Amino acid sequence: AAEAEAALEERFVHRVYSCMAPALACADEGGSGGCANRRGPPACVRDLLRDLPPGCLLADLGCGHSAAALSRLAAARGHLAVGADICLDLLLAANDDWHRRRSRGRQRRQPLLVQADVLRCPLRSAAFDAVTCVSVVHHLASRDRRRRLLAEAARLLRPGGRLLVTAWAFEQPGRPARSFNCQDLLVPWGAPEPPQTPALPPPPKPPPRPAWQRRLSSLPLLAGFFGGSRNGGGSGDCQADSSDCESDSSDCEFRIREFPASSCPRRHTAGDCLCDGACGAAGAPASEGRRLRYYHVFRQGELADCARGLGLDCLREWHEQGNWCLSARRMPPSYY
Amino acid sequence: IFKISNMKLILHNMLTSAMIKGVKKGYPLLLRATKVELQPVEFDAGFVVHMLPRLDWSGVTAAVQCLNQLDLLQDPLPELPPTVPDDYANNEDFLRKAHIALMQLDVIEGCLVCPETGREFPIAKGIPNMLINDNEAA
Numbered sequence: 006a007a008e009a010e011a012a013l014e015e016r017f018v019h020r021v022y023s024c025m026a027p028a029l030a031c032a033d034e035g036g037s038g039g040c041a042n043r044r045g046p047p048a049c050v051r052d053l054l055r056d057l058p059p060g061c062l063l064a065d066l067g068c069g070h071s072a073a074a075l076s077r078l079a080a081a082r083g084h085l086a087v088g089a090d091i092c093l094d095l096l097l098a099a100n101d102d103w104h105r106r107r108s109r110g111r112q113r114r115q116p117l118l119v120q121a122d123v124l125r126c127p128l129r130s131a132a133f134d135a136v137t138c139v140s141v142v143h144h145l146a147s148r149d150r151r152r153r154l155l156a157e158a159a160r161l162l163r164p165g166g167r168l169l170v171t172a173w174a175f176e177q178p179g180r181p182a183r184s185f186n187c188q189d190l191l192v193p194w195g196a197p198e199p200p201q202t203p204a205l206p207p208p209p210k211p212p213p214r215p216a217w218q219r220r221l222s223s224l225p226l227l228a229g230f231f232g233g234s235r236n237g238g239g240s241g242d243c244q245a246d247s248s249d250c251e252s253d254s255s256d257c258e259f260r261i262r263e264f265p266a267s268s269c270p271r272r273h274t275a276g277d278c279l280c281d282g283a284c285g286a287a288g289a290p291a292s293e294g295r296r297l298r299y300y301h302v303f304r305q306g307e308l309a310d311c312a313r314g315l316g317l318d319c320l321r322e323w324h325e326q327g328n329w330c331l332s333a334r335r336m337p338p339s340y341y
Numbered sequence: 446i447f448k449i450s451n452m453k454l455i456l457h458n459m460l461t462s463a464m465i466k467g468v469k470k471g472y473p474l475l476l477r478a479t480k481v482e483l484q485p486v487e488f489d490a491g492f493v494v495h496m497l498p499r500l501d502w503s504g505v506t507a508a509v510q511c512l513n514q515l516d517l518l519q520d521p522l523p524e525l526p527p528t529v530p531d532d533y534a535n536n537e538d539f540l541r542k543a544h545i546a547l548m549q550l551d552v553i554e555g556c557l558v559c560p561e562t563g564r565e566f567p568i569a570k571g572i573p574n575m576l577i578n579d580n581e582a583a
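Protein chains in written order, with this note's numbering: chain A, 6 to 341; chain B, 446 to 583.
Each hint should be verified, as a subset may be incorrect.
What the hints assert, rightly or not - Listed below are several chain A residues computed to face chain B (Cβ distance under 7 angstroms; list not exhaustive):
| id | residue |
| --- | --- |
| 1 | L96 |
| 2 | Q115 |
| 3 | L118 |
| 4 | V119 |
| 5 | D122 |
| 6 | P127 |
| 7 | R129 |
| 8 | Q188 |
Hint data in this document are derived by calculation from the structure and do not stem from the laboratory. Since this is a predicted model, take the numbers as computed values, not measurements. Quick reminder that beta carbons are idealized off the backbone N, C-alpha and C, glycines included.
Pulled out of the complex, with its shape left as it was, chain A reads as follows (with noise of 0.2 angstroms):
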């Protein structure tokens, strides 16, 4: 089970990523990056940066293409970051960004990075005042893996420093509030399709596919995801202000989480299946061109119940931009 978990990641994580890494840092230019991209990192880790006595040390698990940008806005606070990924084309798209930045006379202290599984995580315990993890857990294909990275989060924290995490929500904002059908999924990314060509020879019959395979293509593909006048989802247990909300979404359309945002530029209406039909009926593997991500999107709740009992006081739990945040504080070893 547990090797299944390592290789849905593999296959739906960090092989897509790795692919998009070239993409995504272009698409950084115009400030339509992905969601913890667009226009800098998100309001949470902006606050927190602030937050922060000057001069403190900042790890960033999972930092993808955006270390740069946090490294940036740490330094403007006398901050420094260290960014852990465990993508190298993410990494070098990172430095490739602040180098391109740089070069525009804008002299910022570099990001430090380094390759490494967040899961066993190289760096000093208690060495640091904060830790960010941001869009990072929700990838993550089971409970325990998901308890292990903040488990990793709290030992790497001194004693009083910060945590921040943020995963995709489950609930989702809008009027009427809306939410996914389950809470594992497969995401398309808005990839372009390869042409096709009548001259393709049919394709070879597949192999059989291994049991963990098979249960994977019954993982529900995004398409159905508006559940919200289909099904009468949407329970209305989401908690959401919905001013947290106007910039992503007005009354009758809902923009996906784009990532980036130049792939998927178009707005969806409500019973839209994503996938405009490709993604055939739900056992069917999607087409090569489209490529999948794996998400675990979290209820309100889950992520304080994801880091119990590992050392962490959970001061707070918002909504921001559909995604559920957490921030919480490393207590002293005495407490437990």
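Here the structure of chain A is known, so what remains is to put chain B in place on it, guided by the hints.
Just chain B, lined up with the frame of chain A:
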């Protein structure tokens, strides 16, 4: 165009191999550098003052000694005292030496080595690769 690397001693100070099975401390990692460079980085006294209490100073001095022994630079890195002086916040001479070691020295090529198992972590394009295999994990 060669991109400046980021394997600085201030990063080295944060790194450990303790995620490897059987490793008790895993710190400081040995610096087996084959190519280093001194980069121009603006001196910011306030930043150094804030960072110093957050570092493991013995790890910094060990790294500087290690690199000076390798003799890869035209001029060796300035020698650092074994402990941070009490007046460090006002001691510009000391702060500047610390700045050179922590922020200006870049390890371009080489590897980091676990002090307990000898396991090597390569540095590629300035980024240290600290990934381990499943059978090495604690």
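**Message:** Of all the hints numbered above, which does this structure not satisfy? Sort the numbers upward.
**Reply:** Number 8 only.
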